[in-house]
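A.B. asks: If you want the building blocks of each chain, they are given just below.
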Amino acid sequence: MIPLRFRAELPPIEEPLVVRLRDRPTDDFHDDREAALIGIAEGWREYDFNGFSLRIEAEPGQSLDGDVVLAFPGRPIVHRLIRARSHHNTFLVTERCDQLCLMCSQPPKQVHLDLFAQFGQAALLAPVGATIGISGGEPLLFKEQIFALIGNTLSVRPDLRFHVLTNAQHFDSEDGPFLHGRARDRVLWGIPLYAPDAADHDAIVVKDGAFARLFQSVATLAKAGAQIELRTVVTRRNAALLPRLARLIATELPFCTSWALMQLEPIGFGRMNWDTLFHDNSVDFGPVARALNIALARDIDVALYNFPLCTIPEEYRTYAPSTISDWKQKYLETCQGCSLKTRCGGFFEWYDPDRGFARVGLE
Amino acid sequence: MNVWPLRFTDVGRDALLFCDEAGGFFRSDDAFLERYANDILTEADRDFLLAGGHSFEEEGDRHHVGFAARWAKRQFVPGPLEYIILVPTLRCDLACRYCQVSRVNANARGFDWNEATLNAVLALIDSLTSERIKIEFQGGEPLLRLDLLSRVRDFCRRRFRSAEFVVCTNLQKVSEEAWAFLAAADTFVSTSFDGDALTHTRQRTLDPAQTATFLSNLERAMTTLGTGKVSALPTIDPDNPPAPDAIIAGFARLGLRSIYLRPVNYHGFARKRFGQGDQQLWNAYYDRFIDALIAYNAHAAEPMEEFYFTHCLRRIFRAGHHGHVDMRNPNILGADYLVIDHDGTLYPTDEARMMTRIGQMDLSIGSVFGGLDQEKLQILNANSDNNFHEDCGQCVFQPFCGVDVIDDLSRYGRIDLSRHETAFCRRHTALFTRIFELIYTDDAATRRSLAAWLGVPAFDPALAPVHK
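Those protein sequences? They're chains A and B, same order as listed. Sequential numbering of the first sequence, starting at 1, is according to the working numbering. Sequential numbering of the second sequence, starting at 364, is according to the working numbering.
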């Protein structure tokens, strides 16, 4: 696993610190926001931050050049908010949520630590052309702050993009101007839709009225020309409904940019409810295949996320890009020498082969 | 509940095909039609219509928004001009039977761009707002003026972020310089191959030795340039067509997977003589060809397609499928693509160029020296959509179909004929009827071909909804 935090010795700070690490000062080096490497000794890297010392313990092979880290006063740790060499950088802006999805990988908590100011500073230090993920919890419980974060960042850094995961319970028609403005071409809204009818969807997200409210939000997004990514975690609870869901998306949501059918992530509630939720597509790929065929024929850009290539029939593998984030990705012993390994996303770090796919590995 | 207007047509065996204005379709029967017409829909009818996107509960609900989005996507909105067909020379070293107007002899004079025309063409290209461009070199035989092609290509590569070039060549005489030119990654070859050597000789080269030269050049193109960079189109004489199997085998042998069948394009007097009679003959042949494709694909590792059939099939399932200039609605002329002739005259389409050249009707729309004739374009474009035409408004295929003002003018000298009397309408009515027949054919071979043509692993039965 790629480390997302390191032990550190901090300069004297009173506020949370956001700083970009550089292996050497660049021409446009910013003293107040960047720290330059001045030495490495015994696993510790020493940075010069405005005349103060910042020390970070990291394996020799780890590149930290261009990374943006966050530190809190009195805590000897830095968090890697942005890894310059990764396409998977996500700000977890809150752990609160107003849904309680059966398979949630990040179960909600009531406490909320407000770090919007720090996320704002970090975004401005992101590599050129980067996409920043925003996730939770439900980010739009703090809609005002999220809109401000996105709007302010894009006004200074029009090269960046945002990918916001939201349950779409909070958009109103008054959001039109924001959505239609700078955000329109730069923000992808990732919205979970689990079933083609209110009863099933509401039961899966454990919230009455969620389905209807989602469509109300989506209409607002559609009218603004916003980019929408629909996300459906495939479970035993909804697998049989997928063909109908595909038809509904092609018919009622033809303006969505893409549709992701996602395998279950064995963490959080997903781990807790694994035995009742995990749909083993290596045994029964039928409903997934039907959903794909219906959506593709009708021009919905559909893809399979988090499906190991060997668990799906050959003619469908082209629709399964490698999607498991690098820092939580692993390969099994079976994967050694597999001819598809380079384009396969492998497995989640916390995947348990004993409770997982019945068939793994190419024939 | 509000049901969107449904059009319908009898498709035989007690079945009716229904379609709404956004292209949502289903099969049902007379009993449903009775209930629909008399407004006595059952609960099951209502559920079916709502799930299929043919109705809505109230304005702004998800059914309503979905319908509006699909309807809007069906309307073609031209982007900026970024596709230009250039005719740097009208000279050609072949004299194909049916090419009566768009060529002159290889040694003729005064049918090539001069320096002033070239500069004006480049100036026009330079004035475009798009960041990408596609140039198609037509003729005549464009390889006779490799020097002009090179200058245009060099200019476009410098000027645009992305540029793509298609050389429409007879592949008859290809110099080593020409092969080097065609080998570039951004340059593609489009040629004519009438399906088999005999037909190709009869219709084009008139000499078996010439045909052999062509075929060896085509093979060289396929092997050295790559199958993805070469396309070949057969021209079919409906009075004397090659057997479909022969064409399919000929193309498959060369590694070509897409066949764009074109009927001989008669002009002037020839069209008056053949114009009406050949439509039925053509439709019958086309039907047989599709049958042959389905039979071939049932056992082939690499499926084959007829390009236009595939395009129209995809238009049925995909509201935003506007990628072919011959079939879209509205078919706005002189906007996103343009033809520039050997003398710098501008035309909306290649057919408009030919009509003008034989003196049938002046359909030029300006010149590289003076710019576009907007007034004339407005007249042509006033009738470029089928949405509100009284005949099309009754037609179940309207959302998938288009219009071709130039074809109507070319055949009849007018655009106000009843649609059913036009070749365009007859051809497309037959085509869409056939496609829907296949969509509702429950047979493994047919579904295998449909899947291949739609570019999906399998054709799901839910794509062919039926309501009883």
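Take these hints with a grain of salt, some might be off.
[Unchecked claim] Here are the simulated SDA-like cross-link-like pairs (lysine to any residue), alpha carbons at most 25 Å apart as the crow flies:
1) A/K223 x B/K831
2) B/K436 x A/K341
3) A/K223 x B/P441
4) B/K592 x A/A224
5) B/K436 x A/S173
6) B/K436 x A/K143
7) B/K436 x A/R184
8) A/K223 x B/K436
9) A/K223 x B/K592
10) B/K831 x B/F411
11) B/K831 x A/D197
12) B/K436 x A/D175
13) A/K143 x A/N50
14) B/K831 x B/G442
15) A/K223 x B/P820
16) B/K436 x B/K831
17) A/K223 x B/L740
18) A/K143 x B/K831
19) A/K223 x B/D424
20) A/K143 x A/Q99
21) A/K341 x A/M262
22) A/K223 x B/W434
23) A/K109 x A/F142
24) A/K223 x B/L404
25) B/K436 x B/M364
26) B/K436 x A/D301
27) A/K341 x B/P820
28) A/K223 x B/P693
These are calculated hints, taken from the structure and not from any lab test.
A.B. asks: If a hint holds in the structure, say so; if it doesn't, say that too.
C.D. replies: Verification of the hints:
{"no.": "1", "hint": "A/K223 x B/K831", "in the structure": "violated (35 Å)"}
{"no.": "2", "hint": "B/K436 x A/K341", "in the structure": "violated (39 Å)"}
{"no.": "3", "hint": "A/K223 x B/P441", "in the structure": "holds (21 Å)"}
{"no.": "4", "hint": "B/K592 x A/A224", "in the structure": "violated (39 Å)"}
{"no.": "5", "hint": "B/K436 x A/S173", "in the structure": "holds (23 Å)"}
{"no.": "6", "hint": "B/K436 x A/K143", "in the structure": "violated (31 Å)"}
{"no.": "7", "hint": "B/K436 x A/R184", "in the structure": "holds (19 Å)"}
{"no.": "8", "hint": "A/K223 x B/K436", "in the structure": "holds (13 Å)"}
{"no.": "9", "hint": "A/K223 x B/K592", "in the structure": "violated (40 Å)"}
{"no.": "10", "hint": "B/K831 x B/F411", "in the structure": "holds (10 Å)"}
{"no.": "11", "hint": "B/K831 x A/D197", "in the structure": "holds (23 Å)"}
{"no.": "12", "hint": "B/K436 x A/D175", "in the structure": "holds (24 Å)"}
{"no.": "13", "hint": "A/K143 x A/N50", "in the structure": "violated (35 Å)"}
{"no.": "14", "hint": "B/K831 x B/G442", "in the structure": "violated (42 Å)"}
{"no.": "15", "hint": "A/K223 x B/P820", "in the structure": "violated (33 Å)"}
{"no.": "16", "hint": "B/K436 x B/K831", "in the structure": "violated (29 Å)"}
{"no.": "17", "hint": "A/K223 x B/L740", "in the structure": "violated (32 Å)"}
{"no.": "18", "hint": "A/K143 x B/K831", "in the structure": "violated (47 Å)"}
{"no.": "19", "hint": "A/K223 x B/D424", "in the structure": "holds (13 Å)"}
{"no.": "20", "hint": "A/K143 x A/Q99", "in the structure": "holds (16 Å)"}
{"no.": "21", "hint": "A/K341 x A/M262", "in the structure": "holds (19 Å)"}
{"no.": "22", "hint": "A/K223 x B/W434", "in the structure": "holds (14 Å)"}
{"no.": "23", "hint": "A/K109 x A/F142", "in the structure": "holds (15 Å)"}
{"no.": "24", "hint": "A/K223 x B/L404", "in the structure": "violated (32 Å)"}
{"no.": "25", "hint": "B/K436 x B/M364", "in the structure": "holds (24 Å)"}
{"no.": "26", "hint": "B/K436 x A/D301", "in the structure": "holds (15 Å)"}
{"no.": "27", "hint": "A/K341 x B/P820", "in the structure": "holds (23 Å)"}
{"no.": "28", "hint": "A/K223 x B/P693", "in the structure": "holds (23 Å)"}
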